[in-house]
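Fit chains B, C and D to the supplied structure of chain A, relying on the hints for placement.
Protein chains in written order, with this note's numbering: chain A, 1 to 168; chain B, 169 to 336; chain C, 337 to 504; chain D, 505 to 672.
In case anyone wonders, no lab produced these hints; they're calculated from the structure. None of these values were measured; they are calculated from a predicted model. A virtual CB, placed ideally from N, CA and C, is assigned to each residue, including glycine. It is possible that some hints are incorrect.
[Claimed, not checked] Computed Cβ-Cβ distance ranges for the label pairs, DEER-style:
1. A:N129 - C:E483: 52 to 58 Å
2. A:M144 - D:S612: 53 to 59 Å
3. C:R374 - D:N633: 26 to 32 Å
4. A:G61 - D:E645: 48 to 54 Å
5. B:G278 - C:D443: 51 to 57 Å
6. D:G596 - C:D396: 23 to 29 Å
7. A:E147 - C:D366: 58 to 64 Å
8. B:G229 - C:P499: 33 to 39 Å
[What the hints assert, rightly or not] Listed next, the stretches of chain A that the computed footprint assigns to chain B, with coverage defined by at least 3 CB atoms under 8 Å from CB atoms of chain B:
9. 44-53
10. 59-68
11. 85-92
12. 114-123
13. 155-166
There are 4 protein chains.
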Amino acid sequence: MNENKQKPNPNPITMKEASIASREWLPVYDTLAASALRMRSRSYAPYSHYHVGAALMAADGTIFTGCNVENASYPVGICAERTAFSKAVSEGYREFTALVIAGAASDSAGSDFCTPCGMCRQFIREFCNGDFPIILVKTDEDGMIKEYQIHTLGELLPHSFGPEHLGM
Amino acid sequence: MNENKQKPNPNPITMKEASIASREWLPVYDTLAASALRMRSRSYAPYSHYHVGAALMAADGTIFTGCNVENASYPVGICAERTAFSKAVSEGYREFTALVIAGAASDSAGSDFCTPCGMCRQFIREFCNGDFPIILVKTDEDGMIKEYQIHTLGELLPHSFGPEHLGM
Amino acid sequence: MNENKQKPNPNPITMKEASIASREWLPVYDTLAASALRMRSRSYAPYSHYHVGAALMAADGTIFTGCNVENASYPVGICAERTAFSKAVSEGYREFTALVIAGAASDSAGSDFCTPCGMCRQFIREFCNGDFPIILVKTDEDGMIKEYQIHTLGELLPHSFGPEHLGM
Amino acid sequence: MNENKQKPNPNPITMKEASIASREWLPVYDTLAASALRMRSRSYAPYSHYHVGAALMAADGTIFTGCNVENASYPVGICAERTAFSKAVSEGYREFTALVIAGAASDSAGSDFCTPCGMCRQFIREFCNGDFPIILVKTDEDGMIKEYQIHTLGELLPHSFGPEHLGM
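Just chain A, with the same shape it has in the complex (with noise of 0.2 Å):
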């Protein structure tokens, strides 16, 4: 992983390719999927039908985490990933180590990658460098962990609009 941190890598790296390096996070993965995995099929979504998980570890380890909760003024809801953020920021945790997302639609388990939106980049911004790991889950017919696609922050929300435009 460390390598990735150093470099945004533009080819996004799946586990086939995985640095040795990378295989050492490779449980710490696993342990946000699987919280991701069971925190889509809390997510309220009865507008888009599209159900996503997010799974955050703090600097200390502690995991908070998110879904989607709709609303039917569509831009008043709220994604997986800033539910999960703002639990642990307002919890007190400033720091964290990664993120996990898996998404879905409703009417299968299996699913492609579920990429952040461009609002939760920017909420993910504020608290994150550019090295931070956001790493997707692909899931098969069985809603088992098929295959990682791992980013970083800087990666997806290059030359980012942050508090330093603002003089802070």
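Chains B, C and D alone, transformed into the frame defined by chain A:
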């Protein structure tokens, strides 16, 4: 409280005028207010310097708390009320008893009533009926509870937009 | 209309009950409603299939229109009312006379009253006083205006959060 | 410009390095930048005091402009880019050629590059392809254009979430 639930009161009920029925709920509000005030101090509000804490009680008595989490891109931030509700919903809760809100500028522990913004009222609307009580807390210079103002969701968001407009 | 402006009416005034004063405003509402209905058909709503149009009159009589613009990430979309207001504000306008809203599911020209969501009420609150009239339009199967429901902002967003909470 | 469109450039192209192809577009960018700078001065930003203007060109050459419109409830505000796009979409436009953005703190006409927040990148994503050019403007102390920084949407929001995730 029952009387207030029956029909929204156009003049917000302060504790001075509170009915006998409302008084029975006071210990609950005190507990929630203490949580909201603790949460207020955890707020991440480097831009507005206006700190808000919220405490939400679920039907089974579980308490969920939240604070505002701001962002350099202001529209991306989340209010205290939505943090508390998204936490609760992501934990599988869908029925709620009461919400207490406490807000204050960072240069003072004393504060006037902080009322929920329209976006939060809409978020709450998805899960609560018109008789859902929303209690605002005023604090004195020592940060101690001075007075409650009791509203209902139906009073704060009348003629609301909801799932039924989308045919659900 | 003046009477309604004086004090928010708890029971939304329909045209049947409209006062003589309100009738004077009917030609204005008809003009705005025609614009809102045209705008409704331009709405970008591939996710909700619920189309909303809004027409806003500025103090000098200029009309600004808007429709909802949805996004695959639902919370990123914008409602019709905020589109109309952001247009107007970006053109230098800060004072407004009336807002008319028309919404309908895409499978029918006929529609019931579409009321603004809480987020839009909050957006309007920044620029309008409590007596600002918000008029809802009901249409028949031919898409023709059938009835108005007249509210005020103060009625739809009482005890609102505003600039004064931030000491401004 | 064509070269940039072909493949997102990891190192933002400044005018110094701009290709011959890009130079052909300079008069268009100058026109849009002038609009964005005018719009910047109309921004309603009493909370952040950070003013942003945007100018969007549609496929037929029509220009739509926008500024940020803030709200006392910070998450309810709208950024300049979304104002410009929602204007355009509500006028029936769906295809766009270029977006120019100019931002600055209110105490100075001079400014560094203002990059779009993640939420706006997501909003743009709904209507534009990865090769859509997003041009940032740096101004000197007299508010005159000093330098452009040219990005593409694909570069600023790679691996994006979009309609295809929802099966559309």
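Verification of the supplied hints:
1. A:N129 - C:E483: 52 to 58 Å: The hinted range 52 to 58 Å holds for N129 of chain A and E483 of chain C, with Cβ atoms some 56 Å apart.
2. A:M144 - D:S612: 53 to 59 Å: holds, 56 Å
3. C:R374 - D:N633: 26 to 32 Å: holds, 29 Å
4. A:G61 - D:E645: 48 to 54 Å: Taking Cβ atoms as reference, G61 of chain A and E645 of chain D lie about 49 Å apart, which means the hint holds.
5. B:G278 - C:D443: 51 to 57 Å: Roughly 54 Å apart at Cβ, these two residues keep to the hinted range, so it holds.
6. D:G596 - C:D396: 23 to 29 Å: holds, 25 Å
7. A:E147 - C:D366: 58 to 64 Å: holds, 59 Å
8. B:G229 - C:P499: 33 to 39 Å: For P499 of chain C against G229 of chain B, whose Cβ atoms are near 37 Å apart, the range 33 to 39 Å holds.
9. 44-53: holds (count 3)
10. 59-68: Check passed, 3 qualifying residues.
11. 85-92: It holds: at least three residues are needed, and the region 85-92 of chain A offers 7 whose Cβ sits within less than 8 Å of chain B.
12. 114-123: As far as the region 114-123 of chain A goes, the hint holds, because 3 residues have Cβ atoms under 8 Å from chain B.
13. 155-166: holds (count 5)
Checked against the numbered hints above, the structure violates none of them.
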